[in-house]
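Residue numbers (the working numbering), protein chains in the order written: chain A, 1 to 351; chain B, 1 to 351; chain C, 1 to 351; chain D, 1 to 351.
I should point out that these hints are in silico values taken from the structure, not numbers from a laboratory. We treat Cβ as the ideally placed atom computed from N, Cα and C, and that holds for glycine. Mixed in with the good hints there might be a few duds.
Ranges of calculated distance between the beta carbons of each label pair, as one might list FRET restraints [said to hold, decoys possible]:
id	chain 1	residue 1	chain 2	residue 2	range
1	D	Ala114	C	Asp28	43 to 51 angstroms
2	D	Gly82	A	Asp28	23 to 31 angstroms
3	C	Gly229	B	Gly190	49 to 57 angstroms
Calculated from the model, a selection of chain C residues having no Cβ within reach of chain D, i.e. all distances over 10 angstroms [as the list claims (entries may be wrong)]:
id	residue
4	Ala39
5	Ala114
6	Ile179
7	Arg293
8	Pro339
There are 4 protein chains.
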Amino acid sequence: MTERQRAAVIGASGYTGAETLRLLAGHDRVEVRAVTANAQAGRQLGELFPHLAPAYPSTMLVRAEDVAWDSIDVAFGCLPHGASEALLGALPAHVRIIDLSADFRFRDPDVYAATYGRAHLNPARSHAAIYGLTEFARPALLRARHETIIACPGCYPTATLLALLPLAERALILADDIIIDAKSGVSGAGRGLQEANLFAEAAEGLHPYAVGAHRHAPEIEQELAQAFGAALRVNFTPHLVPMVRGELVTCHVKTAHGASPDDLRAALVERFADEPFVDVLAPGIAPDTRHVRGTNHCLISVFADRLPGRAIIVAVIDNLVKGSGGQAIQNLNVVAGWPEATGLIHQPLFP
Amino acid sequence: MTERQRAAVIGASGYTGAETLRLLAGHDRVEVRAVTANAQAGRQLGELFPHLAPAYPSTMLVRAEDVAWDSIDVAFGCLPHGASEALLGALPAHVRIIDLSADFRFRDPDVYAATYGRAHLNPARSHAAIYGLTEFARPALLRARHETIIACPGCYPTATLLALLPLAERALILADDIIIDAKSGVSGAGRGLQEANLFAEAAEGLHPYAVGAHRHAPEIEQELAQAFGAALRVNFTPHLVPMVRGELVTCHVKTAHGASPDDLRAALVERFADEPFVDVLAPGIAPDTRHVRGTNHCLISVFADRLPGRAIIVAVIDNLVKGSGGQAIQNLNVVAGWPEATGLIHQPLFP
Amino acid sequence: MTERQRAAVIGASGYTGAETLRLLAGHDRVEVRAVTANAQAGRQLGELFPHLAPAYPSTMLVRAEDVAWDSIDVAFGCLPHGASEALLGALPAHVRIIDLSADFRFRDPDVYAATYGRAHLNPARSHAAIYGLTEFARPALLRARHETIIACPGCYPTATLLALLPLAERALILADDIIIDAKSGVSGAGRGLQEANLFAEAAEGLHPYAVGAHRHAPEIEQELAQAFGAALRVNFTPHLVPMVRGELVTCHVKTAHGASPDDLRAALVERFADEPFVDVLAPGIAPDTRHVRGTNHCLISVFADRLPGRAIIVAVIDNLVKGSGGQAIQNLNVVAGWPEATGLIHQPLFP
Amino acid sequence: MTERQRAAVIGASGYTGAETLRLLAGHDRVEVRAVTANAQAGRQLGELFPHLAPAYPSTMLVRAEDVAWDSIDVAFGCLPHGASEALLGALPAHVRIIDLSADFRFRDPDVYAATYGRAHLNPARSHAAIYGLTEFARPALLRARHETIIACPGCYPTATLLALLPLAERALILADDIIIDAKSGVSGAGRGLQEANLFAEAAEGLHPYAVGAHRHAPEIEQELAQAFGAALRVNFTPHLVPMVRGELVTCHVKTAHGASPDDLRAALVERFADEPFVDVLAPGIAPDTRHVRGTNHCLISVFADRLPGRAIIVAVIDNLVKGSGGQAIQNLNVVAGWPEATGLIHQPLFP
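Okay, chain A solo, but in the shape it has when bound:
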């Protein structure tokens, strides 16, 4: 266990990087030594993100190649997919890599290529990477070699897998007909400039997007397949909701072997009993994204369906915390041997 770590945040011009920095500002064992944003190098971090100015009053953005890597222990990769792979693959070996992009999430390079439309440059390293859904990755994280990349899951997969993996592992649900009707706030789309994400377009309305074609579906399938022990496909249907933060997945599943919704709930309660960041709600209580706003928590509920042999499992997270920067820090806490909640204890901001 190290007492402290010196961190670099790579690619801090987007929300993922900003949120990682926001959370690290309250982490007393991490010192942020470098913040990169190649296109914005030379500007103050506080110009791009005024809310970070008080915590990082004199931090300048630099180019990744200008970082003094000798003085960095851990790098948080906050680049878009594609960009992440090349850069992080070239870092000095002593730098622990925790990547928040999609580039190292896939064990099978063919799935990566099919999903992201380009061949992976370093399939071996991607294959060896740890899929960092912390609650399921601890054994791998603890035995990981220093150079193993920790690939943090996508936001939707995080919520979905926390809800479904325990049930898949115990064969309480069937692998076929898993329907994941997902809803996300607009911050999930990032800070990129697109008409659809303008306030005047995204407010006061709702629509599905990337139906049947969202890149998080193969990621969910990879992990569920491992739990079920067989390949599978899922329905994954995301919707854009006029709110900034928050993600909710409504999983419509078939129960297996006569399991009741109560059985499913009991299995989740048992599985997550000792988890600091996953709460299974009392029967009948609906999870609400407002109750995890700004926190690393995931709330899960199980509901009976009107259809016999089915159940509805709903999970919520803050897409920028547990779905992004928070989980990345949670993974660092594990590999560093620190208490897992270090720097991650926040009360939800409600109302």
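Knowing the structure of chain A, use the given hints to seat chains B, C and D on it.
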């Protein structure tokens, strides 16, 4: 065909009544003669709803018993369920009743009692009522006797049934495993004072509600059962979305007899080819509640599912127009023999 | 008076153009013959703005130079400032020009140059243009020659001048210390891609912008100076509000000659008594942008100030209707000799 | 200095109480021993506010009279005005009272009576209370006797006085013609059930309220009068903005003795140089409520006005933190002799 009708709006202190009045203000064949709101009798309509003051500058709210019913041809019932039944059942026989509550939607009084927790007072009249989903009710509307109540569908059932009824009628989907993941803006909850509907609670967040227990499920089942020719149950899972208007249903269905998503789409295109208010979108285009805001339109899309043998059908409406006051007026237009779009031609308010 | 006019909308890829088209779709004396958007030429209008697809099912965007100008009577200029000037100045003389940009609003080319940072190319035509605040421009509009450009006011000036011009003309307020604290929804910023207008940035928060430097201040000053008969400066302090539509100006003024707030209100009531689109509210009633949403109306209230010798005048408009496309059409109605409200009668969309 | 304090939160069914509890959950020197809500006594706190359930898993709401006051050191009064006075006045003398209501803010009982419409029951204790705007109250707080009530300022006065008091004290602005154009999110209206605060009414629109009659005006006047050394009146014009949290005041003032906006800014910079929670922004940077969301910070900017002899000062706070529970805890930290930022260091939640 009558040239003009004199209307009463019964129960105008809620959004349903206000929206009916808003739409009637632009209907050149209807003259609003009476507006009731028993608890607010004696006040100006414009005090309760300032946006209606320009169109109804001198309209006073009266008690229902104080309406001069002799001069009324048609009554729009905008009362909550339960209240509607007693009042409307007691109106003079010459008054055509178009009810927007749930009280006359069920043919089977036992389903009404089980769903709304009280026995129906007038099961015979409810049984005889027309379920006024206009696109499917025209034959019944045209042959209806004057005293037959026209019961307008709920907002969720309107969107859902427009999407699924044509497919059920043609046996292109299976009756089992119909999953309706629904999302609504907050105006759907009405003007009643509840903490959950306060701005500070309903903004910036998302949650499901009434999971497995929403009252619109039996209504959807009643109509789908008729189309399929057999009783069925559906999964109906509504969510509250931080927007004022708009409703979107994501229907996850199994296709029948090898029908493809394209087959489903073709069937919908054919069924609605001549409908003024239902549009089936081009393949790949996602419906958006913003594109029906303030209008009587329903937009429908069919998507292929990653799961073989399944399809995803998405429909959007403005819950206060096609899902409430607009459809009520559409039904009046049909029974009055007027062009069906009279008073209902609006451009969507976007952005 | 012409029975009908054939219109071109120039620059339809932004909200100004889209809103003009939305309103023209319900105008029974105008036929839209051409819609231009140079960078998008060749695409369907409905691709850029799906909400317009039903009203303009087959309209293609063309380049301005490809319009058959012989068949156009009136052109609505919806280009950004700068672009408008060059293009509209080159149109054939038979085309009536109603411009919604800032390019022809200034009588003094030096003020234009100082405000917009570039010399005007055609100061003579700009000088001759009519400042089209309809309620104050009718005499000029009626006597205008065909080639006189009608320059529609900016959104903020529209609301501000309706509130203050009658008081300035009657010398009921002082010219010094006019403070205009203004608030606008985000659609006022247009469809241009800027981080500040992203949903995740513009939602759930408030900030002032362009304090002391907004380009609408000189425009307000030009018109108030004319009414007061002397040059003046105003405080104009705009704020960006997390809503799509709506604009509210809170004008803090000193009363003159012992005039009371009631006197001010009486003067406004008298001035606007016959105006179809301006309503002075009853004492104590606060104007609300929600009550003009989607309409061409302006609501005005006068309040007593706690400070003696002062009054507070508040006005609201929908920035995209009365502050943009609606007023443009109102001006056309006047010059065409049609009833002024033609195509502009809408009920506010509330809730 | 005490090591720890045992606290009661009185009146926890509203947002003020909930926010105080949210913040206290992260305060390592305060132990919450009792939470009262008379009308909800017997219920779990987590039922009323699910977001507080993780931090207070077993806290029951009790009646104020059922609190074991012997084990309480400090009581946070979170009751509505009127209710606060009677209850807090009757607490045992050993309990330090920090009141967040308006009941003890006024030194002059006549002003209280005129403002709140009822005579004060205990004018002597109110007169002796400390007006707890921490940055200006430290000397009084440090010498306060235990029984002196600390009356926390209203949210609007907090932002306004931080912006204006230093300038008034140094006579850099004139006492006449102070215009405070204020804007608040809807949480400022509390959790009370009123139509105007429903999501469907408060979203997507803007309006002023209580113009010339808001109860925070006399409070601002009381404190400014003390700074100026003479009675004065201010224009205070609040507006309701469709956001949950955040408050912004735009103060339009006349400068004195030839002071420039830069002079005003310099004075504020000097005055707040050592303050942990007040930041004066660089010239030209506009304060934004988003950048204080969830924090106890106040951001202030000074702008030049187009009107000579005037300046515009803008301040933002989170109304529920610095404007409510945060400032209450800041006051406790001072009187307890703890580091003033204890429990109050949070990063703004952006986006």
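Here's how the hints hold up against the structure:
Checked against the hint of 43 to 51 angstroms, the C-beta distance between D/Ala114 and C/Asp28 comes to roughly 58 angstroms, which is inconsistent with it. Range check, D/Gly82 to A/Asp28: Cβ separation about 44 angstroms, and the 23 to 31 angstroms hint is violated. The hint said 49 to 57 angstroms for the Cβ distance between C/Gly229 and B/Gly190, and at roughly 54 angstroms that hint holds. For C/Ala39, the non-interface assignment is confirmed: its Cβ lies about 29 angstroms from the closest Cβ of chain D, beyond the 10 angstroms cut-off.
Residue placement check: C/Ala114 keeps its beta carbon more than 10 angstroms from all beta carbons of chain D (closest about 13 angstroms). Not every Cβ of chain D is farther than 10 angstroms from the Cβ of C/Ile179; the closest lies at roughly 5 angstroms, contradicting the non-interface assignment. Distance check on C/Arg293: its Cβ comes as close as 7 angstroms (rounded) to a Cβ of chain D, failing to clear the 10 angstroms threshold; non-interface status is violated. Listed as outside the interface, C/Pro339 is consistent with that label: its C-beta sits roughly 29 angstroms from the nearest C-beta of chain D, beyond the 10 angstroms cut-off.
Violation of the numbered hints given earlier is confined to hints 1, 2, 6, 7; the remaining hints are satisfied by the structure.
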